[in-house]
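Colleague: Given the coordinates of chain R, work out where chain S should sit on it, guided by the hints.
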Amino acid sequence: MNGKQYVARSPQIAARMMGDEMMIMSAIDSTLFTLNEAAAAIWNAADGSKALEEIVAGKVCEQFDVTPEAGLKDAGELVERLAGHGILIVSDTPIVRAAAAAKGSR
Amino acid sequence: MTTTLARSGVIIEVGGLPIQLHVNNPVFIEMLEKRYAGFVAPSGPAKFEFEIDLVAPGVISASEDVQVTWQAGLWRMERGDFYAEWNPALACGRIRQTANPYSLDCVLRIVHTLLLAREDGFLAHASSAVRNGRAFLFAGVSGAGKTTMASLAPPDVALLTDEISYVTRRKDQYFAFGTPFAGELARPGENMTAPIAALYLLAKGRENKIESIGTVEAVRGLLEDILFFAKDRELVNLVFQAACDFVGRVPVKRLTFVPDARVWELIR
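Read top to bottom, the protein sequences are chains R and S.
Residues in the first sequence are numbered consecutively from 243, following the numbering used here.
Residues in the second sequence are numbered consecutively from 11, following the numbering used here.
So that you can see chain R by itself, here it is in the shape it has in the complex:
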């Protein structure tokens, strides 16, 4: 991965924490996704203002006892998967508009 990767939740989703898992439904094709606690932590922090490595360092490594390298590798795969379904937006610069729109979701 070259440079920083900023991530933001797409406004085209509905999401709710159910127990210790995050359920996400795409408004585009109604696909359902389930995220575990660590993935949900990344999801919740994905407001477009922080780089992925900052999110991993701040929300994942300590809480889930993983190294920055391993955490960033797993997070990168998660981001790639979710972005592939259009429910996460990825950019090499901070994502201001998407972050604002994401705040509107319940």
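Bear in mind the hints are in silico, worked out from the structure with no lab data behind them.
It is possible that part of the hints are untrue.
[Claimed, not checked] Cut-off 35 Å, straight-line C-alpha distance, at most; resulting in silico cross-link-like pairs (DSBU-like, lysine-lysine):
#: 1; chain 1: S; residue 1: LYS44; chain 2: S; residue 2: LYS219
#: 2; chain 1: S; residue 1: LYS241; chain 2: R; residue 2: LYS292
#: 3; chain 1: R; residue 1: LYS246; chain 2: S; residue 2: LYS241
#: 4; chain 1: R; residue 1: LYS315; chain 2: R; residue 2: LYS246
#: 5; chain 1: S; residue 1: LYS181; chain 2: S; residue 2: LYS219
#: 6; chain 1: S; residue 1: LYS57; chain 2: S; residue 2: LYS181
Source: prediction; values computed, not measured.
Modeller: Same frame as chain R, but now just chain S:
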């Protein structure tokens, strides 16, 4: 009791929501009164009104599948056999269709799904029935056993529907209403309501048993059975949140059953 309005219309009330249908065709009205027997309101103000234009058989819309879109204050609903517009703000709409009941049935289902979504309710592919004053829902896709469960019901059970269940929320409690939307049994349900005691996701097996399932599986299973037509971001969110809320308040379990009446010994 069925009463038409000067033979120019009929009010069909499902889930306590009266919808007046204006159509200048006595034969069609008579057919509607038979099809929706038990759900035809005698008179009184309707919440919404639709004008039905009956046209000669032929393709009315190019859409083979149901399409529901929101544009300029109007819901547009269409399929090969009908085209409808509905203005929720003005509480009125228009339906163009041939003189068959299936087109209207589809429009009514769509309208109810749109209305229920804003009230934390939904329509679901589920049979439902009332026993001892409590409603039970049996959800599943085609072939899962909805009609089988309905047809096996003992005499003390009132059948709400064998195909499409109507779920509403009042404060923290959910209620099931009878519907005229029939499946293989080809008869409308009882026009009554009761608080929902449980929703069962159906599975056929070698024994009758009820199993607990996790929250995520329950939400996933319920969402698979909720009728939903509009690819609209706000509505997707409403339906999703409604399913999560429902699972948080109503027991959702898996019911595995063999197709005989003994399965009803578990439903009390």
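Colleague: Hints first: check each against the structure and report whether it holds.
Modeller: For each hint, the structure was consulted:
1. S/LYS44 <-> S/LYS219: Distance of about 38 Å is beyond 35 Å: violated.
2. S/LYS241 <-> R/LYS292: holds, 31 Å
3. R/LYS246 <-> S/LYS241: With a Cα-Cα distance of about 34 Å, the restraint between R/LYS246 and S/LYS241 holds, given a limit of 35 Å.
4. R/LYS315 <-> R/LYS246: holds, 13 Å
5. S/LYS181 <-> S/LYS219: holds, 31 Å
6. S/LYS57 <-> S/LYS181: It holds: about 22 Å lies between the C-alpha atoms, which stays within 35 Å.
The structure fails hint 1 only (numbered hints given earlier).
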